[in-house]
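Listed below, chain by chain, are the residues.
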Amino acid sequence: MAKDDKKAAFDIKQPRNIATLLSVFVPGLGQMFNRRFFKGILLFVIAVSFLMAFWDYIDIGIWGLFTLGTIPREHHSIQLLIQGFISVVVLFFGIAIYIFNVKDARNDAIAREAGRPNPTFFKAMQDFYDRGFPYFMILPGFIMLIFVVVLPLAFMVSLAFTNYNQYNSPPRKLLDWVGFENFVNLVNVDIWQDTFLNVFTWTIVWTVVATTLQIVLGLFLALLVNDKRIKFKRTIRTVLILPWAVPAFVSILIFSALFNPTFGAINRDILSQFGMMIPWLSDPFWAKVALIMIQTWLGFPFVFALFTGVLQSVPADMYEAADVDGGTRFQKFRFITLPHILFATAPLLIMQYAQNFNNFNIIYLFNEGNPAVRGQSAGGTDILISWVYKLTFETNNYNMAAAITIIMGLVISIFAFYQFRKTAAFKEEGRY
Amino acid sequence: MAMNKKTKSRIEVTFIYLFLAVMFVLIAYPLLWTVMMSINPGTNMLVTKLLPENPTLEHYKWLFTDPGSDYVIWYKNSLLVAFANAIGSVILTSLVAYAFSRYKFIGKKYGLYMFLLLQMFPALMGMVALYILLSTIGLIDSLAGLTLIYLGGQIPFNAWLVKGYFDTIPKELDEAAKMDGAGHLKIFWTIMLPLAKPILAVVALFNFMAPFMDFLLPRIVLTSPEKYTLALGLFNFINDQFSNNFTRFSAGAILIAVPIALVFLLLQRYLISGLTSGATKG
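Chains as they are written, first to last, in numbering that gives the first Met the number 0: chain W, 0 to 431; chain F, 0 to 281.
Simulated from the structure, these hints should not be mistaken for lab results.
Glycine included, each C-beta is placed from N, C-alpha and C at the ideal position.
Don't take every hint at face value.
BS3-like mimics (lysine-lysine), calculated; alpha carbons at most 27 Å apart, straight line [as the list claims (entries may be wrong)]: (1) LYS230(W) x LYS5(F); (2) LYS4(F) x LYS331(W); (3) LYS227(W) x LYS7(F); (4) LYS108(F) x LYS421(W); (5) LYS170(F) x LYS421(W).
Partial chain W-side listing against chain F, Cβ under 10 Å, derived [stated by the list, open to error]: (6) VAL25; (7) ALA52; (8) VAL148; (9) LEU152; (10) PRO170; (11) SER250; (12) VAL309; (13) MET350; (14) ASN357; (15) PHE359; (16) LEU364; (17) PHE392; (18) THR404; (19) MET407; (20) PHE414; (21) GLN418.
Among chain W residues calculated to face chain F with C-beta under 7 Å, some are [claimed, not checked]: (22) TYR56; (23) PRO151; (24) LEU241; (25) ALA244; (26) VAL245; (27) GLY308; (28) ILE411.
Working from the sequences, and respecting the hints, build out all of it.
This is the structure we're talking about:
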């Protein structure tokens, strides 16, 4: 109602309002009123074919999104859910075209009111191409991104609010929206609570310790090799980068064999010399130690290469000034080198933490998250993401897996937040 | 006094070299061990030796000639996906990055933030949905489906990287070309792309290597052994009978690792400069 009143305040006879209203009711009609017939017909045809092609699909999809189906065996809740999300995406594109149509009618009418003649067909196409160009450029990538990344994430989020698990799964049964029940179970039901707490703690410890170790080792080596007195720098750097160059899944599987208690070289060839046998794969503590060592081996070369690159950009005159003032080597490192390189690489270092937080490959390939732990549904070295994998593909606890995924998403958002701030700070500074 | 300083310096340098030597051993040991395993005769891990008395290339031969080995097929599959992924991702991301670097449009600012956020979420989080989506369009257990997922998933990170690089190309260049009557695509093709070659090479290389290294996505998408990529094939190879197949696995792994490592070592400096200039300059 309020909208109608507002419209009435304008002069309804003004061409711009007539054109706008016509296009609001029938896409393309406003354009024809503006005597832009080709464009009008085109928009009309697009609108009609959109409705004919998608009306039923969207109708069922949106209905499915809310109800998840009403007749077991006939309605498949999961397919309805997916259809619902796709409908939302299609609808979004439809609305975008519709809004463009209304705005376009209005703009053309305003131009006509100002007495500007309608452009020729060729000129109109040229204008459309010019203004639409960035959208054409991003469209293919955007569509892929929506279907491959955004839609699956949205789907996963929505599963966390359903009761989808191995006992309650379509097509035999219908799913229901259950609100926050899964999250409540995660912290209230004993078996979930214990497992969640253990896995979450280990995930944090893993992320912090493994990432920090690889950064410290990388930094230390970068400083050593950067020393003026060291020769053969290129060769040394090449060797130090090797662990990064070898595909990670190969190295992890090799380490998995090396650490194998029965035939692995670490127990058989090295530790046996000292009369030691360490249960690397069957004892949770030693498995964790092994994982952290392997990740340090895998991860330090990237940090090393990064710091090596940045170290060369530290202005030499700053060190000269420090020498004049009689600064010690540690002072030079603490007050010149460290701030400089950390500032330049902070966003990438934060990414390292985020990557290890989600480092499925190493956990799964090394020992599949094992050894098993009594009374919990995750193995002793499982981190959140590998636990989610097991819940999804091994025990089909989709709802719980999704709930944990959301919690992981929240943690990652914290990383992302810091990344934004660091990147923004970097941009403002803008001197590198 | 001067002598003293010199001695101190020498001791320091010695310690640095010592530390580096320890690192060399730590790095080389697992790699050399694998090489040695691959030339050990027989397939039983328990009788392997670090220095085999009669080294053999039988495992390499086995991979390529034995009817029980799918290694060549896996290699072919990986190459196929890798080429498609490298070419496709360069096209997709350079288009997106061009728009984000040079044009104003609705949603530009939020689009950039969305990329930054999305690149942190691993594909695994949406795995169930991807599986169902691919099944509905009939692309499950197909290399095309796998490639599509790779192509979509790489956009946030690489678009950010390439956009950062495009931003460093002076705008005056395209202004001048525009004066000369060059269109949008012509500027893109004759100015932006040639100048951005280093970063595009990095993107191509990264996406070429990804299918060789990724094991998780193929595991979920591909089900029949003749569709496997190398990483998945080799994993399944040793998954069941670790100790029995490891010598063959070593041979197979070396044949992947060596070419990838070589290309990588040749191109890594572009990567580093790309990361430090692209990812941070926003």
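Hints and how they fare:
no.	hint	verdict
1	LYS230(W) x LYS5(F)	17 Å, holds
2	LYS4(F) x LYS331(W)	19 Å, holds
3	LYS227(W) x LYS7(F)	15 Å, holds
4	LYS108(F) x LYS421(W)	17 Å, holds
5	LYS170(F) x LYS421(W)	26 Å, holds
6	VAL25	25 Å, violated
7	ALA52	17 Å, violated
8	VAL148	6 Å, holds
9	LEU152	5 Å, holds
10	PRO170	13 Å, violated
11	SER250	7 Å, holds
12	VAL309	6 Å, holds
13	MET350	7 Å, holds
14	ASN357	5 Å, holds
15	PHE359	6 Å, holds
16	LEU364	7 Å, holds
17	PHE392	7 Å, holds
18	THR404	5 Å, holds
19	MET407	7 Å, holds
20	PHE414	6 Å, holds
21	GLN418	6 Å, holds
22	TYR56	13 Å, violated
23	PRO151	3 Å, holds
24	LEU241	6 Å, holds
25	ALA244	4 Å, holds
26	VAL245	5 Å, holds
27	GLY308	4 Å, holds
28	ILE411	5 Å, holds
Comparing the model with each numbered hint stated earlier shows that hints 6, 7, 10, 22 do not hold.
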